[in-house]
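> As you go down the protein sequences, you meet chains A and B in turn.
Just so you know, our numbering puts the end of the first sequence at 706, numbered straight through with nothing missing.
Just so you know, our numbering puts the end of the second sequence at 706, numbered straight through with nothing missing.
Worth double-checking, as some hints may not be accurate.
No distinction is drawn between identical chains; accordingly, a pair holds when it is met within one copy or between any pair of copies.
No farther apart than 30 Å at their CA atoms in a straight line, the calculated lysine-lysine pairs in the DSBU-like style are these [as the list claims (entries may be wrong)]:
hint	residue 1	residue 2
1	Lys-498	Lys-615
2	Lys-657	Lys-520
3	Lys-615	Lys-430
4	Lys-441	Lys-565
5	Lys-520	Lys-601
6	Lys-565	Lys-600
7	Lys-520	Lys-441
8	Lys-615	Lys-441
9	Lys-517	Lys-701
10	Lys-441	Lys-430
Hints are computed from structural coordinates only; laboratory data are not their basis.
Protein chains: 2
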Amino acid sequence: MDQFSEYYKGRSGLTLGVVKKLYAKQTPYQLVEVYETDSWGNLLTIDGLVMLSEQDEFVYHEMLSHVPLFTHPKPEKVLIIGGGDGGTAREVMRHKRVKQVDLVEIDEAVVEACKLYLPTVGDFDHPKLTLRIEDGIQFIENTKEETYDVVIIDGSDPVGPADGLFDTSFVEQCARILKKDGVFASQSESPWVKHYQPSMQRLAKGLKLFFPRVNPYICSIPLYPTGLWSMIVASKKYDPKGIHINETLRIEGDDFLNGCRYYTDEIHRAAFALPAFVRKIFQIE
Amino acid sequence: MDQFSEYYKGRSGLTLGVVKKLYAKQTPYQLVEVYETDSWGNLLTIDGLVMLSEQDEFVYHEMLSHVPLFTHPKPEKVLIIGGGDGGTAREVMRHKRVKQVDLVEIDEAVVEACKLYLPTVGDFDHPKLTLRIEDGIQFIENTKEETYDVVIIDGSDPVGPADGLFDTSFVEQCARILKKDGVFASQSESPWVKHYQPSMQRLAKGLKLFFPRVNPYICSIPLYPTGLWSMIVASKKYDPKGIHINETLRIEGDDFLNGCRYYTDEIHRAAFALPAFVRKIFQIE
Chain A
422 MDQFSEYYKG RSGLTLGVVK KLYAKQTPYQ LVEVYETDSW GNLLTIDGLV MLSEQDEFVY
482 HEMLSHVPLF THPKPEKVLI IGGGDGGTAR EVMRHKRVKQ VDLVEIDEAV VEACKLYLPT
542 VGDFDHPKLT LRIEDGIQFI ENTKEETYDV VIIDGSDPVG PADGLFDTSF VEQCARILKK
602 DGVFASQSES PWVKHYQPSM QRLAKGLKLF FPRVNPYICS IPLYPTGLWS MIVASKKYDP
662 KGIHINETLR IEGDDFLNGC RYYTDEIHRA AFALPAFVRK IFQIE
Chain B
422 MDQFSEYYKG RSGLTLGVVK KLYAKQTPYQ LVEVYETDSW GNLLTIDGLV MLSEQDEFVY
482 HEMLSHVPLF THPKPEKVLI IGGGDGGTAR EVMRHKRVKQ VDLVEIDEAV VEACKLYLPT
542 VGDFDHPKLT LRIEDGIQFI ENTKEETYDV VIIDGSDPVG PADGLFDTSF VEQCARILKK
602 DGVFASQSES PWVKHYQPSM QRLAKGLKLF FPRVNPYICS IPLYPTGLWS MIVASKKYDP
662 KGIHINETLR IEGDDFLNGC RYYTDEIHRA AFALPAFVRK IFQIE
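Pulled out of the complex, with its shape left as it was, chain A reads as follows (with noise of 0.2 Å):
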């Protein structure tokens, strides 16, 4: 093999050349890839699908993390569901006003392959987590207070175990175990890729019974289908739009952005411009 595709509509996708495979373990939940690429760093796969490569998941997971981040001004206490590569929770732990990440991942091969072959990615041993292997859901249905000051959704696409992620039920337990202050965020897909638009409309739709805003944003990710990536915040108080981050950045520090590649005061704000298309998908006045 010297190249791996990834097709999101009949044979159009993405292609990168394949130095060699790392890795392959087909668990119960789906198939865990890693390779080594000709010009991205190693990649992360699932079922065929990039996941993240080294030189490229900072978008991801800079813009997954901080909105919420800086949208909360006293985010203590963090719940992680999916994520097991590491990259979210290493982000949310750089906020010093963070004191504790609880991450849930159902599949300990997407652990056990990033700690081997990305392990730039995560900080599995940073004091401030907790890595759970069970499923997110479950263990949101088994918490039973309001504990959470920010909630991240960090799951794959709406097909196999990451499928009920975008349920209507599911957000309303996020909710219910988010203070009264909380946030939620949750990646939601390219809006270029028909097939996931009722996903993403779902989850919007869901989210807006339980948190007064509800916003969606987007984001530049090269290596996922059509580079558009979207995601959505979720508040019960603070307005995720009108943040500016200054005076939060006494306490994390002025140097905080400078380990930010993508990530800055003005994207934060810049990230809800929605291009038109994207406004109707998600039926935005």
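Given chain A, put chain B in place with the hints provided.
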């Protein structure tokens, strides 16, 4: 053949399912081809590089047109260099304020291929349009006076006939033929593709010698390498970043924006918020 691939590094890039090849002509300048794809409509390529597809061309053409056109309050006379597919001219001519468009394409085969197989892209019979088949660099050198309100460079990658479009000497000529409050815009490649970064920097640096305001901006084009694309607007007088288009819409008509699928007033301003790594490439403090 059942697939077309464009690799931007090693064997990594974009792959499109091909139903059939509709057009191929080797001209003195380049190889012009049109494919029918399985998922993006018909596709124009030059020397094996994607120029546009029917389904995603609106992003590029709206963002390359409306950002400079809404920056200028009275863009009556517009020059487009390249852009033989007619898409940029189509968007420019939607502005009522525009009275005359000169479209200077070096290669007649591009126009021919698009008239035949991408007829929805251009509107070559529009009364505002003058199409000239000649070298754009020569055309500008032969233009003696400050004539244009807006000059738009709609060229291909900085190899082959389009390489000179990134030179400081060319930028100087563009500034020379623009009126005292003129606006310039050009496509400027993907920030992710390292081998084009010197061209991007050369263009930005050159522009700063002749325009007080030089502002790179970004948009998301699914069929261009990495999906993240940069453009630059340079202005002698008006501030491209400070524009709110409400007043202009009183002239253009409220339904102008209904004809846009990507561009919005918010997108105009948000497009100037660059990811941290893109700020570094353009050496923005």
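> Work down the list of hints and note, for each, if the structure agrees.
Hints and how they fare:
In this assembly of identical chains, Lys-498 and Lys-615 lie within 30 Å of each other by CA distance neither inside one copy nor across copies; the values are 35 Å within and 39 Å between. With identical chains, the CA atoms of Lys-657 and Lys-520 are at most 30 Å apart within one copy only, with a shortest distance of 21 Å there and 51 Å across copies. Taking the closest pair of Cα atoms, Lys-615 and Lys-430 come within 30 Å of each other both inside a single copy (9 Å) and across two copies (28 Å). Taking identical chains as interchangeable, the C-alpha atoms of Lys-441 and Lys-565 are never at most 30 Å apart, the minima being 46 Å within one chain and 58 Å between chains.
With identical chains, the CA atoms of Lys-520 and Lys-601 are at most 30 Å apart within one copy only, with a shortest distance of 18 Å there and 57 Å across copies. For a Cα distance limit of 30 Å, the shortest separation of Lys-565 from Lys-600 inside one copy, 12 Å, qualifies, whereas the shortest one across copies, 68 Å, does not. When the C-alpha separation of Lys-520 and Lys-441 is checked against a cutoff of 30 Å, the pair qualifies neither within a copy, at 39 Å, nor between copies, at 58 Å. In the homo-oligomer, the alpha carbons of Lys-615 and Lys-441 lie at most 30 Å apart only across protomers (23 Å), although the nearest pairing inside one protomer, at 32 Å, exceeds that limit.
In this homomeric assembly, Lys-517 and Lys-701 come within 30 Å of each other (Cα to Cα) only across copies, at 26 Å, whereas the closest approach inside a single copy is 38 Å. In this assembly of identical chains, the alpha carbons of Lys-441 and Lys-430 lie at most 30 Å apart whether taken from the same copy (26 Å) or from different copies (17 Å).
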